[in-house]
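Asks: Protein chains in written order, with the working numbering: chain Y, 1 to 65; chain E, 66 to 532.
These aren't lab readings, by the way, just hints derived from the structure by calculation.
A few of these clues could be false.
[What the hints assert, rightly or not] For lysine-lysine, the following PhoX-like pairs were computed, each having C-alpha atoms within a straight-line distance of at most 25 Å:
(1) Y:K6 to E:K76
(2) Y:K6 to E:K265
(3) E:K290 to Y:K36
(4) Y:K36 to E:K509
(5) E:K510 to E:K491
(6) E:K72 to Y:K39
(7) Y:K39 to Y:K6
(8) E:K290 to Y:K65
(9) E:K83 to Y:K6
(10) Y:K65 to E:K76
(11) Y:K41 to Y:K65
The primary structure of each chain is shown beneath.
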Amino acid sequence: MVVVDKENCKGCGRCVAACPKKCLALGDELNAMGIKSVKYKGEGCISCGICFYNCPEPYALRIEK
Amino acid sequence: MAAIEQKGMYKVFPRSGKNVSFTHYCPGCGHGIINKLIAEACAELGLQDRTIFVDPVGCGVFTYYYWDAAHISAAHGRASAAATGACRARPDAVTIAYQGDGDLGAIGFNNAFQAASRGEKFGCIFVNNSLYGMTGGQMAPTTLDGETTTTTPFGRDPALTGHPLHVCEVFAQLKAPVYIARVSVADTRRIMQAKQAIRKVFEIQRDGKGYAMLEILAPCPTNFKMNAQDAAAFCMNEMEKEFPLGVFRDETGREALSVRPIPQVASCSELFAEKDAVPAAETDASFAERRFKFAGYGGQGILSLGLTVAEAARLERRHTLWFPSYGPEQRGGSANCSVVVSGTPIGSPTVEHPDVLVCMNQPAYERFVGDVKSGGTVIVDETVPVKVQPPEGVRLIVWPAIKMAEEFGVPKAANTMMLAALKKFKCTGLSDESLERALVASFKKKPALGEKNRELLRLAESRDSKA
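Excised from the complex, chain Y in its bound form (with noise of 0.2 Å):
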């Protein structure tokens, strides 16, 4: 299951777009950046991990067991 680090998140929604199960948004909620970063939706989520390769940051997803 993807896990967001919302501090290591910009925000330009890349995982969102490609996201083939549509599980990810971007929140409402301001990093300590600033940023509204990605959130989880919470259900969905097949750890399929094109989020992770789809996002420029090495550090703001990842998939978990």
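With chain Y held as given, fit chain E onto it using these hints.
Replies: Same frame as chain Y, now just chain E:
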């Protein structure tokens, strides 16, 4: 436990005095995706301890904060040059140059192109976002026709600035590269292809196969003035029209060339095929220094003649210097050389006022005759009209060098005829034996010619001059 997470990168990036875990890249930047793939490939192949990354100037400049391997920061455009040095100094290393399109396509094009042409053993990962990113989105060689940048605010006009530079297609003209491909990171499918291609670049370097060029089309949302999705779409819909994706060459099955061993020689004497090595010069203050000037046109053997006199001096363990001066022409231009023979170490190899001047044509004679020291000697070929007299106290010898050489049927030997005059009139302070040995030695690659010239030298000496 994480099933998919970043590999091959430091956990913390100490940038600008702060420890953070996010990159300096703008949101949606292609560099970030590529950086992740490179770090992952390096780690998954177990190559981190063998890898030297050569970092560019441009947006990719900070990769040394991210990739956990060795790094060299190159000057702008010089990553391929620095990578050449790295891979030659450390042939066991996996060397990867990371360059952008301003860096590689413009200022550094020749460095990259020549490195590819030489087949240097490094992989060049070339990020093409169609403009200069870090400096604010100016036109690069890769900017599309009509594309708006800060320096092409009305769109790139091919009539003014030409068309985009196709790096892969140009490099594909070269013989040496083993792998040339263009990929993209605009969408998931393309990212997965890029991942495979990056892995391949590392494998090629791991196996020492040769040069690899991987161009990666990357979105630059900031300078495209688009959001991340539109920038990725621009990459796919516009950039790919100009820069089609694909593999331009894959010869990874080809055997790598191995460098021919250089024969090991024990000494310079051996290298220059000297049969009789002579010990270094001896100091003998009783030997008066003599300064020679030999002048004529290139092709008359002027430089060889000077060299023969210097060699004779060397055989006698005198200090000697030979100093040639000639135009860009290999033959037919003016040529002269200076030779100094001394019993003591020589300060300057230049000869302004010779004791002995040998001239084989008129311009040489008229240029140098006034410089000869009182008490000195001028030997001039008899074909030269003596319109200018030498200074007071200088002996003038008119000698039929060219004519004799022709009579003997060896016109090229006119310089040997001049050596005969130097020997006959005792101009050198060196023994006859040394002069002859030096002459023969000057034909060491053609021994028969050496003996022939010695014979001609002796014949010529028996002639009279018109002194």
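Asks: Please name the hints from earlier in the document that this structure breaks, with their numbers sorted from lowest to highest.
Replies: 2, 4, 5 and 8
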